[in-house]
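S.K.: Residue strings, one per chain:
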Amino acid sequence: QKEVEQDPGPLSVPEGAIVSLNCTYSNSAFQYFMWYRQYSRKGPELLMYTYSSGNKEDGRFTAQVDKSSKYISLFIRDSQPSDSATYLCAMIGGNKLTFGGGTRVLVKP
Amino acid sequence: KAGVTQTPRYLIKTRGQQVTLSCSPISGHRSVSWYQQTPGQGLQFLFEYFSETQRNKGNFPGRFSGRQFSNSRSEMNVSTLELGDSALYLCASSLVVTGGAADTQYFGPGTRLTVL
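Chains A and B are the protein sequences, given in the same order. Per the working numbering, numbering of the first sequence is gapless, rising by one per residue and ending at 102. Per the working numbering, numbering of the second sequence is gapless, rising by one per residue and ending at 152.
These are calculated hints, taken from the structure and not from any lab test. Please note: incorrect hints may appear among the correct ones.
[Claimed, not checked] Mimicking DSS-like on lysine-lysine, the simulated pairs with C-alpha atoms at most 25 Å apart in a straight line are:
#, chain 1, residue 1, chain 2, residue 2
1, A, LYS89, B, LYS49
2, A, LYS35, B, LYS49
3, B, LYS93, A, LYS35
4, A, LYS(-5), A, LYS63
5, A, LYS(-5), B, LYS49
6, A, LYS101, A, LYS63
7, A, LYS60, A, LYS49
8, A, LYS60, A, LYS89
9, A, LYS101, A, LYS35
[Stated by the list, open to error] Just a sample of chain A residues kept apart from chain B, beta carbon distances all over 10 Å, derived:
#, residue
10, SER21
11, PHE54
12, SER77
13, THR91
The structure displayed is predicted, hence computed values, not measured ones. Note that CB positions come from ideal geometry on N, CA and C, so glycine has one too.
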């Protein structure tokens, strides 16, 4: 069983909809939580970084962490076709960065 | 500020050969991490270097090795290439070693290695 589980998708939504992504994890040592976006043929780009349970907002993006349930989420409001990409959750614990498998998101105009 | 650069961007090798990939971190960043990305396994951590010392290592065979120079540039070497080594190899740099307070990792565009 992987330490970080993430539904691979694809997740297809119409433009303007809310995109909801999530990851579950099993390692209690994970302390820092991130979401990366990766476009085709590019390296991952950091979107959000949190280290405590609760919500964090940045523009159209909201990251949510629930350490008691070992569950993190990313919400994208007013989604745009340019949001079409693979979204990877990532976690730091034991001085290692561990990634989920990524969810492919397609926002249709 | 220039981002993380990786060379070459694309590489084709045959089984049994060896390959060296290069990564130049963001100016001022002293930590460089390497990852392998494949469709089946996703992003997997290879190793991390900080101040020319390997600080962390993932679960890869000894055929995968790396080093870091005094200017923080890093190289990754894979010897005796196998078909399964075909992947996107990503390098990421950060200010401090992973686990530190300011350890946001910034990724390069990757080197796509194809082993025939």
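S.K.: Run every hint past the structure and note whether it holds.
M.R.: Structure-based check of each hint:
no.: 1; hint: LYS89/A <-> LYS49/B; in the structure: violated (30 Å)
no.: 2; hint: LYS35/A <-> LYS49/B; in the structure: holds (21 Å)
no.: 3; hint: LYS93/B <-> LYS35/A; in the structure: holds (24 Å)
no.: 4; hint: LYS(-5)/A <-> LYS63/A; in the structure: holds (13 Å)
no.: 5; hint: LYS(-5)/A <-> LYS49/B; in the structure: violated (31 Å)
no.: 6; hint: LYS101/A <-> LYS63/A; in the structure: violated (31 Å)
no.: 7; hint: LYS60/A <-> LYS49/A; in the structure: holds (14 Å)
no.: 8; hint: LYS60/A <-> LYS89/A; in the structure: holds (18 Å)
no.: 9; hint: LYS101/A <-> LYS35/A; in the structure: holds (21 Å)
no.: 10; hint: SER21; in the structure: holds (15 Å)
no.: 11; hint: PHE54; in the structure: holds (16 Å)
no.: 12; hint: SER77; in the structure: holds (18 Å)
no.: 13; hint: THR91; in the structure: violated (7 Å)
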